[in-house]
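Asks: One letter stands for each residue in the lines below.
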Amino acid sequence: MKYISEYRDADLVARYLEEIHRAATQPWAIMEVCGGQTHSLVKNGILQMLPEQVRMVHGPGCPVCVTPLNLIDKAVYLALEKGAILCSFGDMLRVPGSSHSLLEAKAAGGDVRILYSPLEAVKIARENPGREVVFFAVGFETTAPANALSVLHAQRAGVANYSILTSHVIVPPAIEAVMNDPDSNIQGFLAAGHVCAIMGLEEYGPLVQRYHIPIVVTGFEPVDLVQGILMTVRQLEQGIIKLENQYARVVKPEGNPEARKVIGQVFRISDREWRGIGNIPLSGYELRPEFAAYDASLKFDIDIPHTPESKECIAGQVLKGIKKPHECPQFGKKCTPQHPMGAPMVSSEGACAAYYHFSQALADTETA
Amino acid sequence: MDKISMQLQCPMPKLDFDIITMGHGSGGLLTNRLLDSGVFDLLKNDLLDERHDGAVFDIKAGKMAFSTDSYVISPIFFPGGNIGELAVNGTVNDLAMCGAQARYLSLAFIIEEGLHMQEFWDVLVGIKFAAERAGVRIVTGDTKVVERGKGDKIFINTSGVGMLHPRADIRKSRVQPGDVLLISGPVATHGVAILSVRQGLEFESSIASDTANLNHTVMRLLDACGPDVHLLHDPTRGGVATVLNELVRDTGLGIDLQEAPIPVLEEVSSACELLGLDPLYVANEGVFLAVVAAEAAESALEVLKGDENGLQAAIIGTVTAEHPRQVVLHSKIGGRRVVNMPIGEQLPRIC
Chain Z
12 MKYISEYRDA DLVARYLEEI HRAATQPWAI MEVCGGQTHS LVKNGILQML PEQVRMVHGP
72 GCPVCVTPLN LIDKAVYLAL EKGAILCSFG DMLRVPGSSH SLLEAKAAGG DVRILYSPLE
132 AVKIARENPG REVVFFAVGF ETTAPANALS VLHAQRAGVA NYSILTSHVI VPPAIEAVMN
192 DPDSNIQGFL AAGHVCAIMG LEEYGPLVQR YHIPIVVTGF EPVDLVQGIL MTVRQLEQGI
252 IKLENQYARV VKPEGNPEAR KVIGQVFRIS DREWRGIGNI PLSGYELRPE FAAYDASLKF
312 DIDIPHTPES KECIAGQVLK GIKKPHECPQ FGKKCTPQHP MGAPMVSSEG ACAAYYHFSQ
372 ALADTETA
Chain W
10 MDKISMQLQC PMPKLDFDII TMGHGSGGLL TNRLLDSGVF DLLKNDLLDE RHDGAVFDIK
70 AGKMAFSTDS YVISPIFFPG GNIGELAVNG TVNDLAMCGA QARYLSLAFI IEEGLHMQEF
130 WDVLVGIKFA AERAGVRIVT GDTKVVERGK GDKIFINTSG VGMLHPRADI RKSRVQPGDV
190 LLISGPVATH GVAILSVRQG LEFESSIASD TANLNHTVMR LLDACGPDVH LLHDPTRGGV
250 ATVLNELVRD TGLGIDLQEA PIPVLEEVSS ACELLGLDPL YVANEGVFLA VVAAEAAESA
310 LEVLKGDENG LQAAIIGTVT AEHPRQVVLH SKIGGRRVVN MPIGEQLPRI C
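Line by line, the protein sequences are chains Z and W.
My numbering puts the first residue of the first sequence at 12, with every later residue one more than the last.
My numbering puts the first residue of the second sequence at 10, with every later residue one more than the last.
No lab work stands behind these hints, which were simulated from the structure alone.
A portion of the hints provided could be inaccurate.
[What the hints assert, rightly or not] Here are a few chain W residues that face chain Z, going by a calculated C-beta distance under 7 Å:
#  : residue
1  : 340
2  : 341
3  : 342
4  : 343
5  : 344
6  : 345
7  : 346
8  : 347
9  : 350
10 : 352
Note that the coordinates shown come from a computational prediction; the quantities given were computed from them, not determined experimentally.
Beta carbons are placed, not taken as given, at the ideal position from N, Cα and C, and that holds for glycine.
Construct the entire structure; sequences and hints are all you get.
Replies: Below, the structure is given as structure tokens:
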């Protein structure tokens, strides 16, 4: 596959790994922010190939993991109690709400549909004028342009039975939340390449300055990841702290102006609750007041109690890199991918699920 | 054969009804009219022509295999096939995985009222040609109709009996450390073909399901390698990862799987990238895994590569006692990871 196979070149990966082994002389904790990067590190077996000194911490960048419990409950409520056609990206479906996941809501008779594009949901709304269609708009800055566009499309076409249930989060405040936590020990970040492809680099320079921490905007293929890690380790070892762009083939400093324009037109920045972490000021998007008619949380009378997160789940500390998943007393016991207590155990991008599969392998191999 | 040439060879007869109703499953006059409309003619053979409650036939002395499976795929027509072909190939292949050549199949339909006769006819034609290709006869059957909303167009069950290859000795307990794992063709093709036409997820592609009868291929493999073939398995639902996890669970052994030689069609691989799916967990139809004694691995590979269903066959791993009950994938870039049993259906990822 052109433009992919080059970045999966085993020799090149081996060369970068060798460089990392040579460069790392002391322990470093580097957080990869994005769940896609976590997934790729695990899928390609990169974690085991890194030197012991380089510890990768799986960050809060898994949109499925940080979507609040209450919002999943709202989606389930809309599907089951309001008879809405609830459209969602696939991996949201298994995330447990306080009583049901969307997958269970579907089994219980809810009309829950998996889509790849919110524009498809607008089409469904057009085809079902007698029913309400709600798109569960989760994700980081990457999915925001398409979700915004769906609202604009619906408005232009006069589709009144379409709305979105928004749980948009943005990366820079999450990095700040990690750094502001007194228990945090993160020393460098791999920033999420695809988020920066939309938003550009300008938000990250100030973070590097404020927290005096290297940030390397990194891609998702094995070569990208090991190169990004090497760039971070080199900065740390040499004491040079700056913003670097490993993913320059995709990320332009100004990002994607068209996409940013659409986001700005439809959304405004708001406070957001992050599952496991809590409220982070100015860390998400909500629909602008002029689009209130497309805001499912305003359009419907959603009467559900606010269920608190499980006290036993330490997802917040895991997502901030303070604790490793297996340091949780419930890890692998009460909480497994089959019976997740918190969202990071659900998604394949989630830190706990990734760790569960990975450390299970290590433990078993060691005892074998 | 594609759908159009099948329809040209077997045009639907002129009928005085064009949709199937509850009455067609009543067992009465309408049922007879449905079956006489050409169903019996299409699947004609001396045992079916008896039109009795069951089929009576002679068997040669020896071991037989017996298998059953139900088919509920949606949509019922998909690139590369339809539910009818799948229903024949699936049971033929399940028997082949036991080392048996399918001989007789039963065929039972549960039809949702409102199914168009033309759709039913196209499914039947698919069944006819799949049975001919596999060299199997449909000797008994049943038709039920359920109310609209109680089914999904058509469900099919097939059961089959087959004669075991005289040199076949296929059992999980024969799998041992050092055995070599082969795959007969590219993985994930069927699952991606189905996804490409599933409502809400449609994308343009030329990916067609690989549904095929594997019995002739398996018989050739057994002719050549006989008891050196320790286990056969078709990785349908849940894909290669699921079958291998079941294998390590049941044998207490481990598997070292090499990522690089696992064949995946380029278009399938691209689609999986886009959808965030792991090809190892995607369903297959016309592909099987073979666990063979190490010394027979090369000749098994040669036999497969010489067969139309095995052109892209490859050696993809070995059985080991090193990491019991674990499938360890050696990634293309030299990393290692455990390939787990999937929790449920694989769901497309956000990013």
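Asks: With reference to the structure, classify each hint as holding or not holding.
Replies: We went through each hint and held it up to the structure:
1. 340: Constraint on residue 340 of chain W satisfied, holds at 5 Å.
2. 341: 6 Å, holds
3. 342: 4 Å, holds
4. 343: 6 Å, holds
5. 344: Holds, because the Cβ-Cβ distance from residue 344 of chain W to chain Z comes to roughly 2 Å (cut-off 7 Å).
6. 345: Holds, because the Cβ-Cβ distance from residue 345 of chain W to chain Z comes to roughly 4 Å (cut-off 7 Å).
7. 346: 4 Å, holds
8. 347: 4 Å, holds
9. 350: At 10 Å from the nearest chain Z Cβ, residue 350 of chain W fails the 7 Å test, so the hint is violated.
10. 352: Holds: closest Cβ of chain Z sits about 5 Å from residue 352 of chain W, inside 7 Å.
Against the hints set out earlier in the document, a violation occurs for number 9 only.
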